[in-house]
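Each residue of the sequence shown is one higher than the one before, starting from 1 at the first, in the working numbering.
No lab work stands behind these hints, which were simulated from the structure alone. Honestly, I wouldn't trust all of these hints.
[Stated by the list, open to error] Pair ranges (Cβ atoms, derived):
1. Gly86 with Pro25: 19 to 25 Å
2. Gly154 with Arg27: 18 to 24 Å
3. Gly157 with Pro113: 25 to 31 Å
4. Pro114 with Gly28: 31 to 37 Å
5. Gly28 with Gly148: 40 to 46 Å
6. Gly123 with Gly61: 38 to 44 Å
7. Pro113 with Glu172: 16 to 22 Å
8. Arg150 with Gly2: 28 to 34 Å
9. Glu56 with Gly157: 31 to 37 Å
10. Arg139 with Asp71: 21 to 27 Å
11. Pro114 with Glu72: 37 to 43 Å
The beta carbon of each residue, even a glycine, is placed where N, CA and C say it ideally should be.
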Amino acid sequence: MGRIVGAVLTGGASRRMGRTKALVPYRGAPLAARVLVALGDGGCDPVVLVGGDAEELAVLGFPVLPDRWPDEGPLGGVLSALGALGDAESVIVTACDLGELTGETVRRIIDGPPGAAVVVAFGTRRHPTLARYHSDVERDLEAIFTGGERSLMGALGALERRGVDVVDVTVEEKRLKNVNDAGDLAC
């Protein structure tokens with residue numbers, strides 16, 4: 001398998017949290033820092049942030065790629081990450097608020113079926129904000145996006161209808177827990 005980039009989506013509005021979610025302390029470190037470490041431990045290189053205020057996120061010490069479609073949801077962030085792959089084969093995209101993500105979980109996604117265009121984490125349901133997207137799906141995803149789709153779940157369904165191989169890989173549900181508001185920080 002070729003080089004795999006790790007991309008943390010940090011462009012969300014964080015309305016429920018009331019502040020930049022990526023920088024909220026969780027178990028001793030900013031949420032996004034925990035996710036960045038998990039991506040690196042899982043084998044992603046390089047690891048980057050996608051979207052958000054680059055100046056504010058600089059404290060994390062990782063490159064911040066601009067979101068080509070700000071305020072258009074995570075699908076725009078996935079497309080921004082795919083557009084910045086360079087010579088990498090795939091990108092592992094994750095939300096910045098998966099505070100319990102581990103390198104082992106990332107490795108399960110990386111080690112998913114090598115021929116699959118998209119490998120999605122699955123607990124009790126699909127989690128398209130923790131998935132491996134092969135560079136080959138960029139054109140299809142962009143067409144789906146420009147056609148009006150903004151939901152990542154909807155985009156996965158559209159990819160499958162186009163005959164793209166989307167595979168679920170089971171991971172521990174606790175690794176998929178989002179930290180969405182102050183109440184989740186106590187857990």
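- Beta-carbon spacing of Gly154 to Arg27 - inside the hinted bounds 18 to 24 Å or not: violated, 33 Å
- Item | Distance restraint hint 31 to 37 Å, applied to the beta-carbon atoms of Pro114 and Gly28 | holds, 36 Å
- Is the gap between the beta carbons of Pro113 and Glu172 within 16 to 22 Å? holds, 19 Å
- For Gly123 and Gly61, compare the CB-CB distance with the range 38 to 44 Å and indicate the outcome. For Gly123 and Gly61 the Cβ distance comes to about 30 Å; the hint is violated.
- Task: State, for the Cβ atoms of Gly157 and Pro113, whether the hinted interval 25 to 31 Å holds or is violated.
- Result: The hint (25 to 31 Å, Cβ to Cβ) is violated, given that Gly157 and Pro113 are roughly 19 Å apart.
- Task: Starting from the range 28 to 34 Å, see whether the pair Arg150 and Gly2 falls in it by beta-carbon distance.
- Result: This hint holds: roughly 29 Å between Cβ atoms.
- Query: Okay, Pro114 versus Glu72 on CB: inside 37 to 43 Å?
  - Reply: violated, 30 Å
- Query: Taking the CB of Arg139 and the CB of Asp71, does the distance hold inside 21 to 27 Å?
  - Reply: holds, 23 Å
- Item | Pairwise beta carbon distance, Glu56 to Gly157, judged against the given window 31 to 37 Å | holds, 34 Å
- Query: Taking 19 to 25 Å as the hint, is the beta-carbon distance of Gly86 and Pro25 inside that range?
  - Reply: violated, 33 Å
- Task: Using the Cβ atoms, figure out if Gly28 sits within 40 to 46 Å of Gly148.
- Result: With Cβ atoms ~42 Å apart, the hint holds.
Violation of the numbered hints given earlier is confined to hints 1, 2, 3, 6 and 11; the remaining hints are satisfied by the structure.
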